[in-house]
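Asker: Please model the complete structure; the sequences and the hints are all you need to start from.
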Amino acid sequence: MRHLLSTADLDRDSAVTILDVAEQMSVTQQREIKKLPTLRGRTVVNLFFEDSTRTRISFEAAAKRLSADVINFSARGSSVSKGESLKDTALTLEAMGADAVVVRHPASGAPHRLAVSGWTRGCVVNAGDGTHEHPTQALLDAFTLRRHLVGEPGTDLAGLRVVLVGDVLHSRVARSGVRLLNTLGAHVTLVAPPTLLPVGVGTWPCATSYDLDAALQGEHGRVDAVMMLRVQRERMNAAYFPSAREYSRRYGLDARRLGMLPERAVVMHPGPMNRGLEISAQAADCPRSTIVEQVSNGVSVRMAVLYLLLSGERSAPPDRAPTPGLTVSAGRTARDLTAGGAR
Amino acid sequence: MTTPDSPREDEDLAGHTVLESSEIRRSLTRIAHELLERNKGSQDLVLLGIPTRGVTLADRLAERLTEIEGGPIPVGSLDVTLHRDDLRRQPTRAPGATHLPPEGIDDKVVVLVDDVLFSGRTIRAALDALSDVGRPRAVRLAVLVDRGHRELPIRADHVGKNLPTSLTERVHVSLREVDGTDLVRIERARA
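Residue numbers (the numbering used here), protein chains in the order written: chain A, 6 to 348; chain B, 16 to 206.
To be clear, the hints were calculated from the coordinates, so they are not data collected in a lab.
A virtual CB, placed ideally from N, CA and C, is assigned to each residue, including glycine.
Hints are not guaranteed to be accurate.
[To be verified] The calculated lysine to aspartate or glutamate pairs, modelled on EDC-like cross-linking and capped at a C-alpha distance of 20 Å, are: (1) B:Lys55 <-> B:Glu78; (2) A:Lys69 <-> B:Asp143; (3) A:Lys39 <-> B:Asp143.
[To be verified] Take a look, some chain A residues computed to stay more than 12 Å from chain B by CB distance: (4) Thr58; (5) Asp93; (6) Pro210; (7) Asp218; (8) Gln222; (9) Arg255.
Answerer: In structure tokens, the structure reads:
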């Protein structure tokens, strides 16, 4: 693994490996001394062009627990607000010797551009790009699901039924999640109002529905997990649904719908939540909710990703010097920077 | 450390057997007695194997100790991958599991168990890993084979067999639980 740009780049085995390594990392996080010397002397840059609390803190904690040096960069208060381009920012970071660059960017495809452009020789980790992908979130969701519903390391999520509810159109979590869960063998059903399902959702490896109650009862009478997505008000520049109240009635997870779920089913949300809109306080705080646990699992999963990207001979300094060219990550075509972001 | 294929046929070509099943068994029994003698009984002993084959050896040693002394001996495993100093020189390896006995290791006598002692770097990593999980009263080292060529000031307290080797040779330890057979072989590097 050279970069982590999309869950589409992960096959079943490499995804399971990440989850297994994350499992070991999480064991080390139960200890009194949580810091490991593994990435001593490596520099990880958190390059955040978009607001984020938990993802940035989570990556920062993960890098620090592995003893890497962390440089935080946020667009606000930096030269980006003076008009510096992604390229010049990347060249600056390269000059500082970044071994890994964790990117969050409002434009879909920005991490991919960074990875294949040759502007930086560091590994690129996509921490959310526009409405495209958020692979570490999908991995931590899969990790949480496996812990609760499967339990065994080395296994995938074969046969699990997951219902993903909400603003799929703007959700990079949904895009990454559907791909990864499908790779790991789970069945995914997307539930959303027709206006919040993207064009071409029919080609995704999942089922879709407009009716949450029907989806929760399940065609096969069994739902293992409900993943709620945040209604992204900041991206709502059109009327996608008549009113918040109506959305909440039809697609919100409330006490009644919670009662419809089988005993062992878990309730997930990537955060931040709009309490009272897509999820009621009862559902968010109920014992089967894994929302807080997802945050701590996020650190373990990101430790695993950083470890797998940064350890090993491929990224060792000696072979960095003579090969300044491009190392293209597997299987994706270049995306125009503006194509996804303008959606 | 792979399973040797048909030892008779390519004896001279690929190397030779240095320890057989019965010799491995006797070595472990002797080490078990040495441990008890040195420690004056099994009190406070904790065995920690270094994955993969060290864990198997630790389990076998614990069995022997129980047979000799009675009473269960706490046994666990200690993964050292995340503490290695050669992570950048090797292909990425997935870390193994660390299982500590429920009693913990604080103020115990921890015996690290590994199959082959070579450069000493694994043991250095193990000592670092150990200090992250607790503070033992003493740490000892038991290995099945000591093949020399130390790069660090580290020595084993209990050795199954001292095996003088050249740097170009490779020592393969196979254990029944992992590889299906008990065997230690030495192989010359093929030109």
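Asker: Take the hints in turn and mark each one as holding or not.
Answerer: Outcome of the hint check:
At most 20 Å may separate the alpha-carbon atoms for a hinted pair to count; lysine 55 (chain B) and glutamate 78 (chain B) meet this at roughly 18 Å. Restraint check: the Cα-Cα separation between lysine 69 (chain A) and aspartate 143 (chain B) comes to about 18 Å, which is no more than 20 Å; the hinted pair holds. This hinted pair checks out: lysine 39 (chain A) and aspartate 143 (chain B) have alpha carbons roughly 13 Å apart, not beyond 20 Å. Its beta-carbon lying about 28 Å from the closest one in chain B, threonine 58 (chain A) satisfies the requirement of being farther than 12 Å from that chain.
For aspartate 93 (chain A), the non-interface assignment is confirmed: its Cβ lies about 29 Å from the closest Cβ of chain B, beyond the 12 Å cut-off. No beta-carbon of chain B is positioned within 12 Å of the beta-carbon of proline 210 (chain A); the least distance is around 27 Å. Annotated as non-interface, aspartate 218 (chain A) keeps its C-beta farther than 12 Å from every C-beta of chain B; the closest such distance is 43 Å. For glutamine 222 (chain A), the shortest C-beta to C-beta distance to chain B comes to about 40 Å, beyond the 12 Å cut-off, and the non-interface label holds.
At roughly 44 Å, the least C-beta separation between arginine 255 (chain A) and chain B is larger than 12 Å, which holds for a residue marked as non-interface.
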